[in-house]
Amino acid sequence: MRRYIARRLIQLIPLIIGISILSFAIIHFAPGDPARLLVDPEQATPERYRELRVELGLDDPLPVQYVKTMTALARGELYSYRSRQPVINLVLERMPTTLTLGLLAIVVGVLAGAAIGILQALRPNGPLDYLGTLVALFGFTVPSFWLGLMLIMLFAVRLHWLPVSGIRPPLATGWNPMEMAPYLVMPTIVLSTGLMGTIARYVRSSMLESLSQDYVRTAHAKGLQRRTVVVRHALRNSLLPVITLLGFTLPFLISGAAIVESIFSLPGVGRLAVDSVFIRDYPVVITVTLFSAIASVLGNLLADVLYGAADPRIQYS
Amino acid sequence: MRRAKGPSGQTVLTRRELIAATGLSAAALAALAACQPATTGPTTSGSAAPGAGGTKAPKIGGTLIINQGQEPNTLLPYGNGNAYAGNIFFATANRLVRVQLPEMSPTPDLAESWTVSADGTTYTFKVRKGVKWHDGNPFTLEDIKYTYETLSHPDRPGGLPSNLANIVGAQDFKDKKATTIAGITTSGDDTVVFKLKNLSAIFLVTVASSIMVPKHILSTIPVADHPKSAFARKPILTGPFMVSDWKNGEGVVLTAFKDHFAGRPRLDTIISRGIPDAATGIAELRAGSVQVASVLADQFGEFDKDKTNYTTQRSPGTTAWYMQLDPTNVLFSDRNVREAMAHTPDRKAITDALFAGTAEPNYSLVSPLSYIYNPQAPKYEYDPAKAKQLLDAAGWTMGADGVRVKNGKRFEWTYMCSPRTAPWAAALQPYFKTMGIPFQIQQLDFGTIISKGVVGGYEGFFQGWGNFTIDPRIDLQANFLHTPPPSPDTVGYANPKVDDLFVQGTKATEEKDIKRIYGEIQSIVEGDVPFIHLWRIQDLLVVRNTVKIPPIKVSPQLWTTAAQWEAV
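Chains as they are written, first to last, in my numbering: chain A, 1 to 317; chain B, 1 to 568.
One chain only, chain A, in its complex shape:
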């Protein structure tokens, strides 16, 4: 297993280089010139514009720009065009918010989705199954921005149960879970809704298949309690596709976080990425893209490892 993980991590290196080249090329070939956006309009002479392009290194050949950018990033000396602050600091100070939100969304989405899927599979084609299908369909079809605003209107504006936006009380500092919890309730619900729907559908399907297997019938014949049969025998096997799904879910959670973070004004990486794309802050965009890519690849690796742990028949060498 260790050798397998080590090999996968080594394979990560060319993958990250490839992603960095691709993302660097895409952002540079996209329309929009950072110097045009940064130059002071009151002094937007062609000369000042050219000076700014030189300052930002935008007149260098693209391969040179790429090497300079990656070298600076590796040294922690890559600076945002917009704020002139080290990009790594901008990303790292926002990463905890996005990771916290993502992890909460995964936990809530998986638990809720699995519960719905199991209940549906235990009473197939009944009212509970139909209701579960409706909830699941709602989960992965409802637009995040709509759901977010509806929750805000109900729980924050009308009932005053929860704060509208932000990550903690205005003058609070640090990471106090008790202070931050109310701020994370609605964003977590919105971000986990889609995942919940997807998981519910997968678990229902997988559970139905497991429940019809011979070993489940045998377990029943042995006189085991229904709960034991469902949890120990059927559910464990049913979770294998869910684990695979989770590996692919991470990128979607990161992209989904961009929307959720904007709606709820959360200081996360997703919002930073969106803001940076609009103002063509190349260093920030490249860095966030790389971080997201690494997170996605590691997520997949984690899923593979968990897959092996869940199913003893799978051996990595």
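Everything labelled a hint here was simulated from the structure, so no lab data went into it.
Backbone N, C-alpha and C define an ideal beta-carbon position, used for all residues, glycine too.
Treat the hints with caution; some may be incorrect.
DEER-style ranges, computed between Cβ atoms [stated by the list, open to error]:
| no. | chain 1 | residue 1 | chain 2 | residue 2 | range |
| --- | --- | --- | --- | --- | --- |
| 1 | A | Pro251 | B | Ala426 | 50 to 58 angstroms |
| 2 | B | Ala426 | A | Gly18 | 36 to 44 angstroms |
| 3 | A | Glu179 | B | Ala356 | 18 to 26 angstroms |
| 4 | A | Val67 | B | Gly399 | 36 to 44 angstroms |
| 5 | B | Lys386 | A | Pro46 | 46 to 54 angstroms |
| 6 | A | Leu58 | B | Pro368 | 21 to 29 angstroms |
| 7 | B | Pro368 | A | Asp59 | 36 to 44 angstroms |
| 8 | A | Leu58 | B | Pro222 | 18 to 26 angstroms |
| 9 | B | Ala230 | A | Thr71 | 19 to 27 angstroms |
| 10 | B | Pro108 | A | Val274 | 52 to 60 angstroms |
| 11 | B | Ala224 | A | Leu58 | 45 to 53 angstroms |
| 12 | B | Asn137 | A | Ile5 | 42 to 50 angstroms |
With chain A held as given, fit chain B onto it using these hints.
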């Protein structure tokens, strides 16, 4: 676009606000107004709104949360800060001279008074005593010299702006030929003298209104590293509020500076939030967790009706919205064609339909509230008959399919719009189609529009220009001065007579001369129809009745009154 207080979460669109959105704007230039101290009354007229002062002693203490819609990009005063940073500086910084809005007249700030020599090239400032930096150190004349040496420093990127280069010795300092700026000298403990190479009518409202920075802190950091320093996130300045915290994505916390030379501000704390989503910003206002925010026309009505919970303020639109056309494009190179286009849209009907009575037709780049505004400059009202006549006379004849044609060239064009302005363009579209000069709407993000908005790279795009952030003379110059220096390559306007008038304008110090020269510039420019002016949208401010904000005449004035904001 540029204003310090765009409606919450709205997409920014004007050229200056573009700066705001992207993070530029010369803070030294744009930050024209300074905070008024608590001891000086608000510049109110008419009846005072709740909280505008009055006979009761003001309440001291409390916290106010304001939504700016976006965050500052930096809090380094000369770090190309955006409009949101400019607002923070209004509350936290001082200059030698501040600019009174909306008159844009220079008034004392750290300089208690000044005199100008007979030839207009020497300015002598008497500097206020007893001023302290936020860290308790005394503000000295050395700080003034250091501020201008930093602005002119060789390690700052870019050339020296012409206004600074006009100080004797500043260019030598920039070129490393001198270790100090010869034209800035001090005498005693309260006098600083600026010697200029040439008379400059805008010296006070540009150079002298630069934000002062502390030598004792910044001189220990290489100038090239100032933008990356901790100072750029938490500056030590002299204004009535101090920056006590700035968490990216959450907000900037300002706390009262109790040793401010004019007395402490009324509030203990101001929190400036940058909530990017407009709907969320409105929800915060409704929930009461934000007390002050700008809103859009379609949201304003509900707050305006609820007098129990909210006080609202409407101020005249400070942004002129217009169609910018590429004058080098064969479709628009004929002045009469541009005039025909200016006669085409019914601005009144469109503004009534789109903005629910919160916008008015506009016919000039310069605000009608500005002291240089020339009401006699040409205006092009809605007149479809005249538009047709002009197009016919220009040789553009109506084709069988309803599109005008000239020498085989069809009058069809593309109009670039942002997501915010696209609906506005859709309202304009039928008028131009009826006239036989239809356009297709091309919706792009702001960054793409600005990058394509270079003469030769576009046909037309929706544009906005904010007034009252810099002197209106500079507004005009930034758009219509062709040379010297070379003009922006976005407008493409060139008229030698106008260039001559700008040169005259730099030497005009008497108000009547200023009005005459810049009035003539407006007449000539509007006569050339470089822009199709459209409308100005009122700035709409909503304030929860848990706090009080003095009445403002124009929206950029809001943050200049921060010291008078009060909790109820």
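Where does the structure disagree with the numbered hints, that is, which hint numbers, in rising order? 1, 3, 4, 5, 6, 10, 11, 12
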